[in-house]
Amino acid sequence: MTTVQASPAERDTAPATPPTQRSSKVPHALILPAVIILLIGMGYPLIWQIVTSTQKFGLSSQFSGVAPFVGIDNYVTLFTDPVIWAVVGRSLLFCIVTAAITVIWGGLFALLMKAAGKVGRLILQICLLLAWSMPVVAAMTVWIWLFDYRRGVVNYLLNMLPGVEMDRYNWLDTPGTFFLVASIIVVWMSVPFVAFSLYAGLTQVSDEVMEAAQLDGSNGWQRVRFIILPMIRPVLMIVLLLQLIWDLRVFAQIQMLQDAGSGAGEFDLLGTYIYKLGTGGGDFGMASAVSIFVLAITIAISWYYVRSLLKEDEN
Amino acid sequence: MATLAPTTQAPARRPRDPRRIRRILWSAVAIIAALIWVFPVYWMVSSSLLPNRTLMSFIPTFFPGAETTFANYRNVVADGSFFSALGMSVSITLIVVVCCLIFAFLAAIAISRYKFRGRKSFVLAVLLVQMLPAEGLFIAQYKMISSVGLLNSIIGVSVIYIAAVVPFTIWMLRGFVAGIPAELEEAAMVDGLSRPQAFMRITFPLLAPGLVASGVFAFLQAWNEFTVALVILQSNSSQTLPLWLRGFIQNSASREIDWGQVMASSTLVAVPVIIFFLIVQGRMTSGLVGGAVKG
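Chains U and L are the protein sequences, given in the same order. Quick note: the first sequence, position 20, residue 20 per the numbering used here, numbers continuous. Quick note: the second sequence, position 66, residue 66 per the numbering used here, numbers continuous.
Keep in mind that the hints were calculated from the coordinates and are not lab data. Not one of these hints is a red herring.
A few chain L positions that, by computed beta-carbon distances, are all more than 10 Å from chain U:
#, residue
1, Pro51
2, Pro64
3, Phe70
4, Tyr73
5, Phe82
6, Gly87
7, Val90
8, Asn152
9, Ile154
10, Ile180
11, Arg201
12, Gly210
13, Gly215
14, Ser237
Below, in silico cross-link-like pairs of lysine-lysine (DSS-like), each with a Cα-Cα straight-line distance of 27 Å or less:
#, chain 1, residue 1, chain 2, residue 2
15, U, Lys276, L, Lys143
16, U, Lys311, L, Lys115
17, U, Lys56, U, Lys276
18, U, Lys25, L, Lys115
19, L, Lys120, U, Lys311
20, U, Lys25, U, Lys311
21, L, Lys120, U, Lys25
22, L, Lys143, U, Lys56
In silico negatives: residues of chain L with every beta carbon more than 12 Å from chain U:
#, residue
23, Asp17
24, Glu67
25, Thr68
26, Ala71
27, Asn75
28, Val77
29, Asp79
30, Ser81
31, Ser153
32, Leu206
33, Ala208
34, Leu211
35, Ser235
36, Ser238
For each residue, glycine too, the CB sits at the ideal point set by N, CA and C.
Okay, chain U solo, but in the shape it has when bound:
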């Protein structure tokens, strides 16, 4: 609609090079709806959160409407409280380990796609696509069913191995196996994206170069290390980065595993911890401070990616 009104002005100023008028109001009118919705849906909550993170905003504040200003007290608590530190440490460890496994596994699948014949590659690609397209919540219900301690297939199959006694073993009972299961599920969901991205990168490595390297007597590992890795470095970096960011936000997965198992504090990662602080405990001051912390980590990790996208925009 806005383009209609403004079009005569454009034609008058510079018909040959449209994208350069500075006086025109058109582009500002065009981005207005997006800006408004972003300000409402993201901007306002973000500012509220920054303000609240400097307040003692507990359950009582909700009724009295009074939330005293406490400066950086919430952040001091965040960095000194052993319980929160345990959650932060667990989240970062989970995120880094899961992302690393995902990228390595995805890389192996990408190499496998390249090494396999047409049929093998196609079957692998179709199956990975199916896994990739599963909605998170549906994937979680299936995995919880697979790991069910009464009739789950995983226990059944492990039990068939000689010397392994897994009958009625409850995976979600202890934090160690709980997070192992969470990690397996997240890796399963994320590997397809990594595999396809890295495979797309691999197809850019020319066969001639590989053959030349082979003739020069290099072995498989050397070819991966000295030819493939340097050539797919850019895409590898971005995939790793995205994976780190995505594995930090695993709220749905952890929440559903807690639904099926135990919701005790030792099973919390940052997402579920914030959720409990906010909705369960009503401690919005602390919940805001932890949320800001999560946002800060995310921005720090994603900075390189955002910069590379900005460069892409400038071209």
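With chain U held as given, fit chain L onto it using these hints.
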């Protein structure tokens, strides 16, 4: 877009024998890996087709065969809560897709066809917002929505969803708009069309694939969203499909669950997603890592 296709296909090169054997071996490994990876999806569908008494047995049935039944699906559909959740999900998804497409389309035109003051900050804001996790803002969004009395309403959750999805949609559409040379429009204008006419007749049809891809992306986001929905849609009557599905799992440790029905429900939620996802998958990868792949 075509980056997924192998660039060099060895033309008529007859493979020497050891190479061929190696290729077949790797293919076998690939197929085994594929079957392991797809097993959970298979297990969802297969369990959904089995009667409850078979699922209650301690020995799993791997192939439904003669026991195949659609009773689980009938039970799911007979329960009114499914259609209530479906209605919520469809309404929210529709609103999000339509609004995202309109807003993102306008903004994409602005940033790819115009230079203007504030352009760089706007692009930076769009890129940063798309990285922000829902976990980092959902408590604040919950407070905001509840303070204006929109908890459990379609509007409240839609506003948050649109704000969360529109950045990536803008970014995706920007690529499509930038791919259509402005010269095409100008040529049409030289031929006597006005700018809006030129836009509607030349650029818009070329943008159709981009709009479809971005629309599907918005659909997937809104349809699958769980985190924000959990805090904003708290009453049972306003549940979306993901929340409804979660309801089956809650407290499953302490009670017996009708897994056949849960798997049938999961399948019903997943099928539209799988179909739409397959339509746009090529663009998903190239949209996220496109620049890096082309080097």
